[in-house]
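Colleague: My request is simple: use the sequences and hints to build the entire structure.
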Amino acid sequence: MPANTLKDHKAEQRIVGTRVWLSLFFMVVLVFVLIARLFYLQVLRYDEMSTQSEENRVLLQTIPPVRGLIYDTHGKLLAMNRSSRSLTIVRERAGDLDQLIENISTLVPVTDNERRRFDQRLRRRRPYEPIPLKFNLNDEQIATIAVNQFRLPGVEIDADLVRYYPEGCIFSHSVGYVGRINDRELRTLDPALYSGTHVTGKIGLEKYYESILLGKPGYQEVETNARGRVLRVLNQVPSEPGKDLELYLDTELQKVAIEALDGRRGAIVAMDPKTGGVLAMVSNPSFDPNLFVTGIDYETFNGLNKNIERPLYNRATLGEYPPASTIKPVVGLALLANGIVDKNTRIYDQGWFQLPGSEHRFRNWKRRGDGWVNLPKAIFRSNDTFFYNQAGKLGIDRMHDFLSQFGLGRRTGIDIGEERPGLLPSREWKRGVYGQPWYPGETVIAIIGQGYNLATPLQLAEFTTILANRGKHVQPRLVKEDMPDIQSPDWGHDVDVSDEDWDLIIDSMEDVIKNPRGTAHWRIGRDLKYRIAGKTGTAQVVSIPQGEEYDAEQLKEFERDHSLFVAFAPIEDPQIAISVIVENDKGAANVAKTIMDHYLLPRLNPSLTNGLSVDEALKAKVRN
Amino acid sequence: MAEQDFVRQLNDDHGFTQTRGWSETFHIDFLLVGLLMILCCAGLLILYSASGKDMGVVIRQSLYMLVGFVGMGVIAQLSPRMLMRFSPWMYAGGVVLLLAVLFMGIQSKGAQRWIQLPFIRFQPSEIIKLIMPIVVAAYLANRPLPPSFRDIAVTLTIIGVPVILIAKQPDLGTSLLIGSSGAFVLLLAGLRKRLIFSAIMLAIPAVFVFWQFLMRDYQKQRVLTFLNPESDPWGAGWNIIQSKIAIGSGGLYGKGWLQGTQSHLDFLPESHTDFIIAVLAEEMGLVGCLMLLAIYALIIGRGFFITLKAQTLFGRLLAGSITLTFFVYIFVNIGMVSGLLPVVGVPLPFVSRGGTSLVTLMAGFGMLMSVHTHKTFHHRMR
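As given, the protein sequences belong to chains F and E, one line each in that order. Its first residue numbered 1, the first sequence is counted upward by one per residue in UniProt numbering. Its first residue numbered 1, the second sequence is counted upward by one per residue in UniProt numbering.
Just so you know, the hints here were simulated from the structure itself, not pulled from any lab data. Check before you lean on any hint, since a few could be wrong.
Said to hold, decoys possible - Here are the computed lysine-lysine pairs in the DSS-like style, where the Cα-Cα straight-line distance is at most 25 Å:
hint, chain 1, residue 1, chain 2, residue 2
1, F, Lys255, F, Lys480
2, F, Lys306, F, Lys207
3, F, Lys343, F, Lys393
4, E, Lys309, F, Lys10
5, F, Lys10, E, Lys193
6, F, Lys202, F, Lys306
Modeller: Encoded structure:
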């Protein structure tokens, strides 16, 4: 090697030696950097780091409370919590997700929809959190997964309590349903109370009594590993289950009522006049609330929401219909109480009424007229002309003031959130909405419950209850016990009318059914086993042009008149007050009669229940 | 016989040893062996805790240590002259193996680092770790110092080829270690300060090229995460955040052996491999860390002693490079675990779990001993 001969070994050793000492110096510096770093973390930031370490280790876990149950009046469960098993995947441990789901689908079916929803959840959750793929596994599926667990890494079966409505669509509008908390609710709900709870009441009692049903979550301090797996429970505060609700609703009666509607659109409210308890509340057609609990898919929801028959819509409290002739008894009371008519006042009805100085004819429903008509006849014949004649004397102001005592035009305050106030027109109302004065002709149509008048079936039931109680107001409600946290408004005042006037009106209402000329006699008035007071009504859906004949056949189905009926029975001791509306069809009275028969006959004839009280008999039936 | 006398005389002249002792006979540096044994015992204690009291892991690791000590002894028997003579062949073989990895290696966890032979699977990059300082030292030892530009260029090529091949696998930690072990030889050989300065200037565009063309996304992610670990606290930042918590919560005296919650409750990932120092820091505190650093310091001190006492230029360059590389292991590992440096896969010598790097390190120390005990080499060459 020629280069070698030229090498100055001493000098070279010196160079290397210098460099070694130099690097040693740098190393010492770097080691001090390391030591400084360790000192910084372990001494200067010790407090902070040990706190974080403790937080890492101890996790505060929520124990979700068990949601309160809902029972009908006889102790039958209307809303319960069912244990549901779901298949979840922990992504961190799953390996190839597509392959894993492929493997799962050979054991239990995985629909495209489930897969899509899983992918959506996947994006939001942490890798160590179990993400549900399938809900509501049956025993066989659980067993299949368990047997194959070894080749399904990251797959777990989770148990969860899921709301279940065993009666399906029977009570969907009154009991309502729970659903997953959405973004808007997330902002308003108390996060402390809802930690660990994924659902909240969406409509009906489930929403109105949410704070009662929810309960209080408990907490446990657990030692976890980094994956959140609980290794040890350190401390525990148990959760408080939500309170149960007992309703006035009667499942049997509700089913009878739905059956009586025979598939027609309509609403029914039956109340106990003594308590105000709602015995049945029907809005037909209905839907299965269980669809909403674990999340309804878009197609199904759209199908329900866009359905022309509007199954999601609670007709009983949201449906605003012209009350039509059903308010005639109340109007009659107003005429009596204001001294405008007495039992002897009569008019001659030739089939129509004209305001002085006007050509317009307000027609009676029976175009040929009813001849001489007094107030009782005006009620049992449902004569319009009689009332037209009194309109000017009563006036809109007095009519409005008197009728509002019966709950028309304002919410009843029932313990369901979804309620509309209906409309009881007044001078002020018209000026406010239309900026126009009130015209006398409007009083003429308002007095027979048409025109601007609107009422919900619940309001019809409420004023019928007040009639049944001869003025005593009771608050319509579904839940038997008063709930301290829930303040339901109570606007009701008893109506002060003389006994004589009450007798006259109620007798007239009895004649609606009993008198052979009564408007409901031929439908339900024969072979009566108890005394019924009632009133029919026919609500126009489209107004019939002046001078044209009404022909149901010519009108499209949705333009036909609604049939209304309100009633209470037995007259001497009212036990049930009822309002029925059948949309675009006839026969509301028959529906009411069927329900009253079912409710009253066993109560009036104890031999049918082996001497037990009806309540006892029905409770015994539920228990079996 | 005569030759041996001659040797002894020369030794006497240099005043290194009066007599030919145990150390020379067996080519073993007993002080170094003693220090390494202490380190191994400490390592096993930490590993036992970090692995969650898994005796199996500890036994496997001690078997590797045994293999490592034996390998160290065997390599120590090879004279530096032999290493020097065969270094070009070893280098060529190593590069061929790396190319083989690139084209027919086994993939695992996104990296292609292994070669499968009928009965064994191994990482050629580990072999390069040993070859690199030898070949660079051998090349420079035969040239006048300080090295000329041409020599520097050749040396950088020698270093660059395997470094790029390994970075391609990708294995950033190893290519870094190998690159620096070669660079250290160059530095020790008296690279001019002006050149070091311009190298640093060159490094800036080089970093850009590296970032743009050679680094994989996950590696870039690591660097970005290192700069701001809180940006991805549930993903790549998790390790850094958790290991800092582990270290910091250890405090001055630690939570006690086997008492660390961060590691035992699985908050600290890779707690028994690259991040094992966090376990020591959590359980033994600053005091424990300083004690470990002290053992390392003694080993490094011994390495430099050997470097300074080496009789040949080759020996000095090799020993110095091995010692410095050993230091880089420690500094990079502790630096990355404590959040000073980005996370690159560098194990903590003799403590982290894993047989390969252990055996390689031991082999390196074997070469160090060979340099120290084959003291006649320089004179024989004359």
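Colleague: Looking at the structure, which of the earlier hints fail to hold?
Modeller: Violated: none.
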